[in-house]
Each structure stands twice: as C-alpha cells, then as structure tokens.
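Let chain W serve as the given structure and place chain L on it in line with the hints.
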Amino acid sequence: MEKNFKPQITVFHCINCFSGDLESSIPSRSDGVLKSVKMACSSMVKDVFLLRAFESGSDAVIVMVCPEGQCRYVEGNIRAKKRIEWVKKLLDEIELDGRRLSLHPIDSGDPDAATGIIGRVLSEVSALGPNPAG
Amino acid sequence: MIVGEQKPIGEIKQILSPYKRVLVLGCGTCVKTCFAGGEDEVAVLSSALRLVFKKEGREITIEELTVERQCEDEFIREAAPAVSNNAAVLSLACGAGVQAIARRFIDVPVLPGVNTTFIGVLEKQGLFTEECLGCGDCKLAVFGGVCPVTRCSKKLLNGPCGGSRAGKCEVNPETDCAWQFIISRLEVLGQLDNLRKYNPPKDWRASHAGGPRKLVREDHII
Chain W
1 MEKNFKPQIT VFHCINCFSG DLESSIPSRS DGVLKSVKMA CSSMVKDVFL
51 LRAFESGSDA VIVMVCPEGQ CRYVEGNIRA KKRIEWVKKL LDEIELDGRR
101 LSLHPIDSGD PDAATGIIGR VLSEVSALGP NPAG
Chain L
1 MIVGEQKPIG EIKQILSPYK RVLVLGCGTC VKTCFAGGED EVAVLSSALR
51 LVFKKEGREI TIEELTVERQ CEDEFIREAA PAVSNNAAVL SLACGAGVQA
101 IARRFIDVPV LPGVNTTFIG VLEKQGLFTE ECLGCGDCKL AVFGGVCPVT
151 RCSKKLLNGP CGGSRAGKCE VNPETDCAWQ FIISRLEVLG QLDNLRKYNP
201 PKDWRASHAG GPRKLVREDH II
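In the order they appear, the protein sequences are chains W and L. Using my numbering, the letters of the first sequence correspond one by one to residues 1 to 134. Using my numbering, the letters of the second sequence correspond one by one to residues 1 to 222.
Pulled out of the complex, with its shape left as it was, chain W reads as follows (with noise of 0.2 Å):
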C-alpha cells in the first residue's frame, strides 16, 4: 500500500434512506475524502455514474439503499443492487476490481450505520490501494 494513499470514496445514496447532507451528518475522517451524490431513489444511479466516478478519480464508490421491501417506488433498490452486480462484473473485466464498488442497504435516516460502511469500506480500500485508473 502507498504511504500517504487518503482514499477518494464517491456515496451515491437514495434521499429516502439518508435525507441529509452526508459529509455534514457523520463525523469527518482525516483517512479520507467523501464526497456524495444525493438521488430521489437509488435505482437512479446509472452504470455510466459509477464508472465515470471512477474516472474522475475516485478509489471506491458506495452506494446507500433503502433495505429490500421498503423502497418508496417499490423496486428501485432491487433494480439498483443488479445494476451493481453488473458493473462489478465490468470492473473486474477491465482488472479494476470489482470490490471498489459495494452497495449497502441503510435504514432511514442513521447516520451511524452510514458511518460505519464508509469506515469499512475506507480501511478494505486502503488495503485494495489507490485506483489504477485514477
């Protein structure tokens, strides 16, 4: 691992399980940088929005859903946690790493679940190291 490496984590989240401003909800980290993308379900978040995260420098992308049965538009988390799956697929093809990208079904409004994904996934980033393509 690069000594210095301050992981560059891209949250896209759906407004109905975090409503809030995320970088101001949860405690800072000085071992990252967040930044988030608020959208009106998560089945919004396209293939193209990952991948061009990743282009523009990011090491991981999160993406927060609403848990499995309590989507306001019924589907929209299911839809997204395939797309996921399907740019996983992609970004190991392309010898990216898959494991850059993680969905995480949130309840509403808990800042500290989301706290403890963006932890988690900013200490397995670290080890997977900064992005090849970034």
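One or more of the hints may lead you astray.
Straight-line alpha carbon distances no greater than 30 Å define the calculated DSS-like cross-link-like pairs of lysine-lysine that follow [to be verified]:
1. L:154 <-> W:88
2. W:89 <-> L:7
3. W:82 <-> L:197
4. W:38 <-> W:88
5. W:46 <-> L:13
6. W:88 <-> L:13
7. W:82 <-> L:13
8. W:81 <-> L:197
9. L:154 <-> W:46
10. W:88 <-> L:55
11. L:20 <-> W:46
12. L:54 <-> L:13
13. W:89 <-> L:55
14. W:82 <-> L:154
15. L:13 <-> W:81
16. L:54 <-> W:46
17. L:154 <-> L:197
18. L:20 <-> W:82
Computed footprint of chain W on chain L; a stretch qualifies when at least three of its residues, placed anywhere within it, have a C-beta under 8 Å from a C-beta of chain W [stated by the list, open to error]:
19. 2 to 10
20. 36 to 47
21. 52 to 64
In short, the hints are calculated from the structure, not lab data. These numbers were taken from a predicted model, which means no experiment stands behind them. Just so you know, even glycine gets a beta-carbon here, dropped at the ideal spot from N, CA and C.
Relative to chain W, chain L alone:
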C-alpha cells in the same frame, strides 16, 4: 428486431489497439432495445475503455455519438463530422449497421463492437428470444403463428418428434418445445386439421443458400 450482444471488453480493446482516436458509434434502434449499442451502452463502454486504457498508460481519445439507425444512409450522414475527427469507428450496431457505415466512410476503419445474434422479440424486460431465421419463405400461417424452422431444435416441418417432456425440448430442457406451442395454438384456433397436411421439404433457395439476398421495390425507386 435484431438482437445483439456487446463483445467482451478484452476483444474490443484488442480491436482498438492500433488507434489513438476512436469514435464509439451507437445505434438507437434494435441494439438499443437489447442493451447492446444504444446511447447508454455507448457511454458505459466509452467510460470503461477510458478507464482500462488509462490504467494501462495508453493515450486514447474516445468520442461518443449515437445515431437513430446505422442501417440507413439518411441517419448515417449526421455522423460524418465525428467520423472525420477520428482514426477509426467502433460501431455498436448490428452487422448491417457496421457495413453500412463502412460503405459510407470508405477510408476509415469501421470495427464491430457487437456480436449480432438473431432476429427476435423482447419477451420481457431483459429477456430476448429468437423467433425468425429470415428464411425468405414464411409458413407461419400453417403453424398457427409459431415458427418450427426457428424454434424447433430439429427444424421439423412435420412434427412433433416425440422427444419432448412436459413441453420442453429433449435437445435442451431449457428450450420450450415449439411443436407443443404449435399444437396448443392450432387447437385454440380450431385448425388442428393443419397437422394432417404434409409439409414438403423447405426450399432453402430463398434463404442464404442462394447468396446474399436483395429486395427491390421498383415503386419506391426514382
């Protein structure tokens, strides 16, 4: 519609290896519907290629464009400025679209990014099934609108073969028995007597056996 599947990134990468400026050209008709070559697929593939080339330290410029139909010259024309900016075109159309682009822009390499697979229907979102071989001599009227030439694994014109089990084909249990469908459909239509008629061997001269086919409509040619 024509159904196709995008080639693996590794193969596309190989095809593009001699070029530094590439136009990824989508087609907004059939291949868009089957998620192989529409605007979204152009964006995803271009992004994936930029990532993979950057990772390998290769400099390549990728331009993206999608036209309504690559198999019609009227729509191809709008791609001319983008084609002239690039050293090669990666077409995400079916084989007909790739060739139409190659014919129009004769001095630019036009490369296929999609494997054209079959003429089919969208059975449900994300599921496409083959329904027509384009044999040039349609007999669907006899078979209750179900094509045994395409959908029967043995292409039997005088079926069923007797090998199907619970409506599934003995060649591949995941394939529905076309003759099961034909019989059920003819029963509903009250046309089971069709099964008493002998269907003579198919004349394949109307298909690919006679070389590439041509359709001429004199009334539309000026």
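Exercise. Below or equal to 30 Å on CA atoms is what counts here, so check residue 54 of chain L against residue 13 of chain L.
Key: Holds: residue 54 of chain L and residue 13 of chain L sit about 12 Å apart, inside 30 Å.
Quiz item: Can the restraint linking residue 82 of chain W and residue 13 of chain L be considered satisfied, given a maximum Cα separation of 30 Å?
Solution: holds, 25 Å
Quiz item: Is it true that the CA of residue 89 of chain W sits at most 30 Å from the CA of residue 55 of chain L?
Solution: holds, 17 Å
Quiz item: Are there at least three residues in the segment 52 to 64 of chain L whose beta carbon sits under 8 Å from a beta carbon of chain W?
Solution: Holds: 3 residues of the segment 52 to 64 of chain L have a Cβ under 8 Å from chain W.
Quiz item: Are the Cα atoms of residue 88 of chain W and residue 55 of chain L separated by 30 Å or less?
Solution: Measuring from Cα to Cα gives roughly 17 Å; hence the hint holds.
Quiz item: Is the hinted pair residue 81 of chain W and residue 197 of chain L satisfied, with a Cα-Cα distance of at most 30 Å?
Solution: violated, 52 Å
Quiz item: Between residue 46 of chain W and residue 13 of chain L, is the straight-line Cα distance small enough, at 30 Å or below?
Solution: Status holds; Cα separation ~23 Å.
Quiz item: Between residue 88 of chain W and residue 13 of chain L, does the CA-CA distance stay at or below 30 Å?
Solution: Given that 30 Å is the threshold and the Cα spacing comes to 19 Å, the pair holds.
Quiz prompt | Proposed proximity, residue 88 of chain W with residue 38 of chain W (alpha carbon, max 30 Å) | solution = holds, 21 Å
Quiz item: Taken at face value, is the distance from the CA of residue 82 of chain W to the CA of residue 20 of chain L at most 30 Å?
Solution: violated, 34 Å
Quiz item: Given the hinted pair residue 82 of chain W and residue 154 of chain L, is their alpha-carbon gap at most 30 Å?
Solution: violated, 35 Å
Quiz prompt | Satisfaction of hint between residue 46 of chain W and residue 54 of chain L, Cα-Cα up to 30 Å | solution = holds, 22 Å
The structure fails hints 1, 3, 8, 9, 14 and 18 (numbered hints given earlier, in ascending order).
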